[in-house]
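Below, each chain spelled out in residue letters.
There are 2 protein chains.
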Amino acid sequence: MITLYDLVFQDDRRPSPFCWRAKFALKHKGLAWRDEPVGFTEKEKIAFAQSQTLPVIHDGAHVVKDSWAIVRHLDKAHHEQPLFKSEMALSYAHFVAGWVDTTVHPALFPLLIGDLYDRVRPADKSYFQESRAKRLGTTDFAAFQAKAREKGPAAFRAVLEPARRVLKEQPFLCGEHPAYPDYALVGAFLWARVASPFALLESDDPVHAWRERMLDLFDGMGRKAKAA
Amino acid sequence: MITLYDLVFQDDRRPSPFCWRAKFALKHKGLAWRDEPVGFTEKEKIAFAQSQTLPVIHDGAHVVKDSWAIVRHLDKAHHEQPLFKSEMALSYAHFVAGWVDTTVHPALFPLLIGDLYDRVRPADKSYFQESRAKRLGTTDFAAFQAKAREKGPAAFRAVLEPARRVLKEQPFLCGEHPAYPDYALVGAFLWARVASPFALLESDDPVHAWRERMLDLFDGMGRKAKAA
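Heads up: the protein sequence lines correspond to chains A and B, in order.
For the first sequence, the positions run 461 to 688 when our numbering is used.
For the second sequence, the positions run 461 to 688 when our numbering is used.
Source of the hints: derived by calculation from the structure; they are not laboratory data.
On a predicted model such as this, the values are computed, not experimentally measured, just so you know.
By construction, the Cβ of each residue, glycine as well, lies at the ideal position given by its N, Cα and C atoms.
Some hints could be false.
Calculated from the model, a selection of chain B residues having no Cβ within reach of chain A, i.e. all distances over 10 Å [said to hold, decoys possible]:
1) T463
2) G490
3) K545
4) S591
5) L596
6) R624
7) G680
Only part of the chain A face toward chain B is listed, based on derived beta-carbon distances under 7 Å [claimed, not checked]:
8) W493
9) E496
10) W559
Generate coordinates for the entire structure from the input sequences, incorporating the hints supplied.
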């Protein structure tokens, strides 16, 4: 049995976009897992993996950290229902994961930071505040978020344009069926959904319709997750 | 025989990144073509295609405008050496083309605009000045470029991060062999190379090594093109 160590916020909320990638990948492959929630100040739970970040998985003799390494491992260790059937599939997945990390997340983070802070477990608040203040240059996350929201979600929506162009033509980023590029991007939207009630997309946006399809996948895994 | 209508600058320079996509796609498929240069003020040459932009191709009974439509057409009309062997390949190509259009080109354009203007055909200068001034809000392209270059190419290099992550692991965006995502991105670099001597990449950047490989492709088609 695989154990997945998943970042936990208060009321058992699970916002981590990187952990969502691992959960969608596990579902894609039809693999069951044991869930192990880990708060920001419970890093001793993943000390065995020499990791400071989540997700981590423990899969038989294998301990794997980092979402990209985890999904590569899953395909190597479990041949059924491959995530990466071809070099092209692997390349596309790697490209989109990098695009989400370096373009989508930075455009989203300022819109969510105050709501994320509100939903961190009480025991983890000071850790979260200190670590994120280093990144943002302020501890007033509510004000930082308010300022980002004043400008509205236009810049975030603009960043999604490469995905939108594809989703105008087909139901998923990968064609008729979802695959890892879809999972990498929906992780960002689940991060937002679990942490914040802020509306990111217009209802006539092809990305909106895609997100609905992604929330329905795997018996509604994303839709059933405790949202803000 | 296919005719490709290609945007021409002075001294027979060919900077259009969209026309480069078509040329790489034609080479990929082993298709020969007749070259028809078109200046900005010679749009009557492509009036038959109801197009205001290049590239345009005339392929037997088919007239096709827009680089994405052209490469889709090429694969449908000529089955040898497909550009898109799978739904995944087509999806990746569409995504990367959209990413180059909406992220890479806008980061590059301010760094090149003065040099582009210098190399437009004399007959096309006023057309270029007027149309680009609308976009930039100024006719002083040299000053606009100088200001962009003062900040340096750091922002442009940052935008390339999704490509860089893939190219750290493999020689081309598509794996061991190049395909349309590589052609879409190299079009941006040929736009720069043909129009401007400005150095965009550091020599130890994996994107730099990839660009060298791309310039060598197809008997050095890109490298042989008249550069600035």
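Legend entry - Non-conforming hints, listed in increasing numerical order: 3, 6, 8 and 9
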